[in-house]
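Student: Single-letter residue listing:
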Amino acid sequence: MTATRMTTNDVPFSGMASMTGTVTSRRRNRVIAAPLLLIGTLVLVAVAAPLLAPFDPRVQSDIVALKSLGPSWTHPFGTDQLSRDVLTRVLYGARVSLRVASLSVALSLFIGTVYGALAAIVGGAVDRVLMRTLDVLLALPRLLWLLAVTALWDGMPLGGLIVLLALTSWYGVARIVRGEVQAQLRREYTLAARALGVRQARLFVRHLLPQLIPVLAIWASIGVAQTIGLEAGLSFLGLGVQPPDASWGNIMQDGASVIDTQWWLTLFPGLATLLTVIACNWLGDALRDVFAPEQVPA
Amino acid sequence: MASRIAGRLFLCVVVALVASTIAFVVLHLAPGDPFTNIDASAGTPPAIVELQRAQRGLDRPIAEQYVRWLGNTARGNFGWSTSKQRPVADVLREAIPRTLGLMGLSFVLSIAFGVLLGAWQGTHAGTRADRWSTFLALITYSIPEFWLAMLLLWWLVPLLPAGGITNDNASYYGTMWQLRDRALHLILPLLSLTLVGTAVIARFQRAAMREVFAELFVRTARAKGLDEPGVRRHALRAALLPVITISGLYFQSVFAGSVFVEKVFAWPGMGLTLLEGIGRRDYNLIAAYVIVGSGMAALGNLAADLLREVADPRLRRA
Amino acid sequence: MIHVAPRTAVARHVGARLCALALATLASCRNGDVPKAATSDVGGTMIIVQPAEPSTLFPPKASQVAEFAVIHSLFDKLADIGPDLSVIGDKGYRPRLATSWQWSSDSLSISFALDPKAHWHDGQPLRADDVKYTFAVYTADSVGSGYKSSLGNIDSVTVRDSLTAVFWFKRRLPHQFFDATYHMYVLPSHLLASIPMSQLGDDPFGRQPVGTGRFRFAKWDAGARIEILADTTNARGRAKLDRVVWTLVHDYGAATIKLFAGEADFYEAIRPDNLPQVARAPALRLESAPALQYGFLDFNLHARGSKSTPHPIFGDVRVRRALAMAVDRPRLVRSVLDSLGSVALAYAPRALIPDTTSLVQLPYNVAAARALLDSAGWTLAPGDSVRTHDGVRLAFEIMAPSSSLTRTRYAALLQEQLRPLGVGISVRILEGAAMGGRVLSHNFDSFLHSWDMTPGRLGMAETWTSAGHDNLGGYASAAFDAKLDSAYTTFDAANSARVWSHVFQQLIDDQPGLLLYEPHTPVAMHRRIRNPPLRANGWYMDLADWSVDPTQRIERDRIGLGSPR
Numbered sequence: 000m001t002a003t004r005m006t007t008n009d010v011p012f013s014g015m016a017s018m019t020g021t022v023t024s025r026r027r028n029r030v031i032a033a034p035l036l037l038i039g040t041l042v043l044v045a046v047a048a049p050l051l052a053p054f055d056p057r058v059q060s061d062i063v064a065l066k067s068l069g070p071s072w073t074h075p076f077g078t079d080q081l082s083r084d085v086l087t088r089v090l091y092g093a094r095v096s097l098r099v100a101s102l103s104v105a106l107s108l109f110i111g112t113v114y115g116a117l118a119a120i121v122g123g124a125v126d127r128v129l130m131r132t133l134d135v136l137l138a139l140p141r142l143l144w145l146l147a148v149t150a151l152w153d154g155m156p157l158g159g160l161i162v163l164l165a166l167t168s169w170y171g172v173a174r175i176v177r178g179e180v181q182a183q184l185r186r187e188y189t190l191a192a193r194a195l196g197v198r199q200a201r202l203f204v205r206h207l208l209p210q211l212i213p214v215l216a217i218w219a220s221i222g223v224a225q226t227i228g229l230e231a232g233l234s235f236l237g238l239g240v241q242p243p244d245a246s247w248g249n250i251m252q253d254g255a256s257v258i259d260t261q262w263w264l265t266l267f268p269g270l271a272t273l274l275t276v277i278a279c280n281w282l283g284d285a286l287r288d289v290f291a292p293e294q295v296p297a
Numbered sequence: 000m001a002s003r004i005a006g007r008l009f010l011c012v013v014v015a016l017v018a019s020t021i022a023f024v025v026l027h028l029a030p031g032d033p034f035t036n037i038d039a040s041a042g043t044p045p046a047i048v049e050l051q052r053a054q055r056g057l058d059r060p061i062a063e064q065y066v067r068w069l070g071n072t073a074r075g076n077f078g079w080s081t082s083k084q085r086p087v088a089d090v091l092r093e094a095i096p097r098t099l100g101l102m103g104l105s106f107v108l109s110i111a112f113g114v115l116l117g118a119w120q121g122t123h124a125g126t127r128a129d130r131w132s133t134f135l136a137l138i139t140y141s142i143p144e145f146w147l148a149m150l151l152l153w154w155l156v157p158l159l160p161a162g163g164i165t166n167d168n169a170s171y172y173g174t175m176w177q178l179r180d181r182a183l184h185l186i187l188p189l190l191s192l193t194l195v196g197t198a199v200i201a202r203f204q205r206a207a208m209r210e211v212f213a214e215l216f217v218r219t220a221r222a223k224g225l226d227e228p229g230v231r232r233h234a235l236r237a238a239l240l241p242v243i244t245i246s247g248l249y250f251q252s253v254f255a256g257s258v259f260v261e262k263v264f265a266w267p268g269m270g271l272t273l274l275e276g277i278g279r280r281d282y283n284l285i286a287a288y289v290i291v292g293s294g295m296a297a298l299g300n301l302a303a304d305l306l307r308e309v310a311d312p313r314l315r316r317a
Numbered sequence: 000m001i002h003v004a005p006r007t008a009v010a011r012h013v014g015a016r017l018c019a020l021a022l023a024t025l026a027s028c029r030n031g032d033v034p035k036a037a038t039s040d041v042g043g044t045m046i047i048v049q050p051a052e053p054s055t056l057f058p059p060k061a062s063q064v065a066e067f068a069v070i071h072s073l074f075d076k077l078a079d080i081g082p083d084l085s086v087i088g089d090k091g092y093r094p095r096l097a098t099s100w101q102w103s104s105d106s107l108s109i110s111f112a113l114d115p116k117a118h119w120h121d122g123q124p125l126r127a128d129d130v131k132y133t134f135a136v137y138t139a140d141s142v143g144s145g146y147k148s149s150l151g152n153i154d155s156v157t158v159r160d161s162l163t164a165v166f167w168f169k170r171r172l173p174h175q176f177f178d179a180t181y182h183m184y185v186l187p188s189h190l191l192a193s194i195p196m197s198q199l200g201d202d203p204f205g206r207q208p209v210g211t212g213r214f215r216f217a218k219w220d221a222g223a224r225i226e227i228l229a230d231t232t233n234a235r236g237r238a239k240l241d242r243v244v245w246t247l248v249h250d251y252g253a254a255t256i257k258l259f260a261g262e263a264d265f266y267e268a269i270r271p272d273n274l275p276q277v278a279r280a281p282a283l284r285l286e287s288a289p290a291l292q293y294g295f296l297d298f299n300l301h302a303r304g305s306k307s308t309p310h311p312i313f314g315d316v317r318v319r320r321a322l323a324m325a326v327d328r329p330r331l332v333r334s335v336l337d338s339l340g341s342v343a344l345a346y347a348p349r350a351l352i353p354d355t356t357s358l359v360q361l362p363y364n365v366a367a368a369r370a371l372l373d374s375a376g377w378t379l380a381p382g383d384s385v386r387t388h389d390g391v392r393l394a395f396e397i398m399a400p401s402s403s404l405t406r407t408r409y410a411a412l413l414q415e416q417l418r419p420l421g422v423g424i425s426v427r428i429l430e431g432a433a434m435g436g437r438v439l440s441h442n443f444d445s446f447l448h449s450w451d452m453t454p455g456r457l458g459m460a461e462t463w464t465s466a467g468h469d470n471l472g473g474y475a476s477a478a479f480d481a482k483l484d485s486a487y488t489t490f491d492a493a494n495s496a497r498v499w500s501h502v503f504q505q506l507i508d509d510q511p512g513l514l515l516y517e518p519h520t521p522v523a524m525h526r527r528i529r530n531p532p533l534r535a536n537g538w539y540m541d542l543a544d545w546s547v548d549p550t551q552r553i554e555r556d557r558i559g560l561g562s563p564r
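Chains as they are written, first to last, in numbering that gives the first Met the number 0: chain U, 0 to 297; chain P, 0 to 317; chain Y, 0 to 564.
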């Protein structure tokens, strides 16, 4: 699953494309607006879940008479085996899924940027050591780590899951940031700034970081897409978000064994996952189309 | 060239070693061990459990266990699998070919279909058909594989076999029957892997084609009056480079991604073995999987790099 | 021909079906060169879906149901326990490898006369030496069999002549005969004696066993299937089925799909969620088998990490009783297990409680539970949702193993049931070994536990007496220990029932764990399969007598005994 997509992260620019050459700002806005609007709606739904949800996500209204009911007017997405409202749980699941994905991606961007920039700016032997280390880390199968650690360690809390997802996904960011920073360092204005004695940290924060923002934005949207899929996969194996917290993955896990009779447990959270992943990938593509031409190092 | 390959191979070994060391530490520091599952060991007196633990050397300090394990691994002895009650090497010998068979097939098909689709899209850039197929690829690319696998299982069984590599009675039938039986069992897992794989490759192929079309040498070729199919052939060859890079990385992820498809379709390969091993705390089996998995990934990258050099003379170093 | 089980919702997903039409055409041209059918009830193939792969078929090292189902068909015991599971003396026992047995006058030894016609699947005859060797293997420290402790009352096994083995006992006890026959499957000494004991568990024998059973081992495709065939020359008659195949499907959902698609005939672990589906499948029927399990919330009576300081909450019996009284157990059973379970009556399944009517249960009474907590000092401050007592909050953790759907659901249900009472519960779903690690190091409040008992009830000494090594919650009661001891040593059946009632009543009053459920193990099977009544100590007990209705045979039943290519 997600594994197939995670690695394509490592080279988001190799397939960089645009035949348009110059991009007008109106077209730029139009291309980005649609996926951004979709993502905004999803985030809004997640944030407003307590207001939108018809029930309490933990309340078991009637554990005998109201369990495993199909979609109806009262329960548009049906109920689960503990008589909880599935629509409510999908809405609250959005909070968990989006929070896990966005926080872990933010953390991984941070680690990757610092690591990559450090390698590029310091250079020399430090750079070589950091890059060799990265080669080794890149070759470790990510999914395996996630499986082993989440399965064996004492009921991973949400925070732990976020850190774990971040720790296994920053390598690609580091590589790209290093490349970008190296390219920037060769340009006249940085040479000039260095000649003027601007401190390295200041140089990075004031001059180099803003240049990285489009790259990081593309990374972030693709990263969120992958992490949402990955979290769903782990939870599906019973290893991700722990019940009674709802996440899309663990609702699907509840439904996996009864897909023939209680398809609503698999279908609705699956569609929610799919919609979110599509929105993020779409945004990533759009950002790439818009920003890439200026950002590709010659 | 030869020394560079040797260097890269050495790096593969280092990667596998580091990976397995981290795996060893992570596994052994995790709470519990193969003998603490009270559901499995109920009724066994603690003295006996201690004995079983000692039989596998798990009562020793972790450093000693590590040194012993490292020594054995270096000599090619992956140790004893506690979940399968047989040598890890035997388990791997059966599981790896099954995974590589399925994955290899889907890998080849994904690249073939992906390159064709992407190239077609690239040459028809901007048309309605291109926009629609790109949008469909975006959706396919976004589907969680396990979800796709479950839906396929739900829709297509019993028209197709529900899982496994062969029918349970296959060995009592003729060769032709067995071949057909195997083919039928391949369809569902192959379909769920290849749909997504094709979308991944096609995206890159399309982008690469469009980029190449914008490049100077294509304009030159056109200016020189080369016919359009000739231009496309040239462009396709140039556009293969990024796709080769992607394939190297994709190979690694296919190996890891096998876990979900193997689980849903009861395909007894590495992924399924790993899941069972994790469920039963099979240290040696998991560590061996890490070595094989990361070694495989490193080899995939190496192969991609070499292929790229073959395809693009500019990359060859003096 | 392919056997296609009719499905009810045909109109569904027409698009997907159309796409698959081409594949179906391909599938339907399967045909085989199949031998002609027989007409008696001998013959047929049964395919069993199995979620977990056995790790070994070497009987002394087996521990899972998946392993015993195969082992029981390949190997034999000296005698088999009767359907009523009585363990007093030899009442009800049926001869297996032993055709008869004789008690010595002081009852301290039993001599077993072996079947002279019995032989191993490799053709060698069965000898009394095999029985002696078997005892040596099961009790050797270097083998590390989990059954060693159950054989503690047997002093030795000797060989009187080549067909007579004698068991010598240390003490005269009601369950002597059970001890001698229940745990041990007789092993072939002529194949194993040359292997050092410490190597036995790892020997390839565990993957290609040779036994005396009415089925013989055929093959084991690692990760895929295990196949056994009828032993046509067996002294007790060949098995009626030609072949039984355990097909391994790791994922529960995929396993049920395989069953409903008609690719398999039998599923042992069907869940309540799938009951409506079984009812709708015309080819399947459901049989509810009794089980020897019960599930409960095991309380840690000691503070976390300690073996002496009482637990701040569960150390008080009034709290334990109040919690039990606040839980609507019949309703929980109906929610989780539907018709496939009942409320546990005591710390044993019904089948092992001699007299269930005399037991006095704690009532379901939420008001009384509140009152009891109030009187024990656990009061609810205004505006607070959790009770406190001397600054300690009535909040604790429930652990449940991720492998058990029943128990993870119970955890979520208990959390909700007890919340209105002012009890704060956090649920942790853990992987089995991680949970076990915490339990064994006494670092827990409570966990959902399920015991699988043997007919002898001998495990109760280990689970509940103060010296028991499986007494995970640390319950200690001198009164209980004494009552249990007298139950184990009472020979008379009527007296025995009365003493056992005292034993169970003591536990119910003390509530060392919150009693919850007793599952019935429902099995789903194909309608053409005929079977004797299922037994509580394992559905597979009489597998050699199962058969296929000759008028309802399907393609795989006609394969015959032919050997695999």
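By construction, these hints were calculated from the structure, which means they are not laboratory data.
Note that the coordinates shown come from a computational prediction; the quantities given were computed from them, not determined experimentally.
Where hints are given, some of them may not hold.
[To be verified] Just the calculated beta-carbon pair ranges, DEER-fashion: (1) Y:549 to P:58: 55 to 63 Å; (2) U:113 to P:69: 29 to 37 Å; (3) Y:106 to P:75: 33 to 41 Å.
[What the hints assert, rightly or not] Listed below are several chain P residues computed to face chain Y (Cβ distance under 8 Å; list not exhaustive): (4) 44; (5) 75; (6) 78; (7) 82; (8) 84; (9) 164; (10) 262; (11) 271.
Don't be surprised by glycine CBs; every beta carbon is placed ideally from N, CA and C.
Student: Does each hint hold? Answer for all of them.
Tutor: Now for the hints, and whether the structure bears them out:
Separation of residue 549 (chain Y) from residue 58 (chain P) is about 57 Å and conforms to the stated range, judged on CB atoms against 55 to 63 Å. For the pair residue 113 (chain U) and residue 69 (chain P), the beta carbons lie near 33 Å from each other, so the given range of 29 to 37 Å is met. Remark: the range hint 33 to 41 Å for residue 106 (chain Y) to residue 75 (chain P) is contradicted by a beta-carbon distance near 57 Å. A least Cβ separation of about 5 Å between residue 44 (chain P) and chain Y falls short of the 8 Å threshold, and the interface hint therefore holds.
Hint status for residue 75 (chain P): violated, given a least beta-carbon distance of 18 Å to chain Y, over 8 Å. Given hint, residue 78 (chain P) at the interface with chain Y, is violated; its Cβ is 11 Å from that chain's nearest Cβ, farther than 8 Å. Of the supplied interface hints, the one on residue 82 (chain P) holds, with its beta-carbon coming within about 6 Å of a beta-carbon of chain Y, less than 8 Å. The restraint placing residue 84 (chain P) at the interface with chain Y holds, with a minimum CB-CB distance near 4 Å, inside the 8 Å limit.
Against a cut-off of 8 Å between C-beta atoms, the interface hint on residue 164 (chain P) holds, since the closest Cβ of chain Y lies about 6 Å away. Against a cut-off of 8 Å between C-beta atoms, the interface hint on residue 262 (chain P) holds, since the closest Cβ of chain Y lies about 5 Å away. Contact between residue 271 (chain P) and chain Y, as hinted, is supported at the beta carbon level, the nearest pair being about 6 Å apart and thus within 8 Å.
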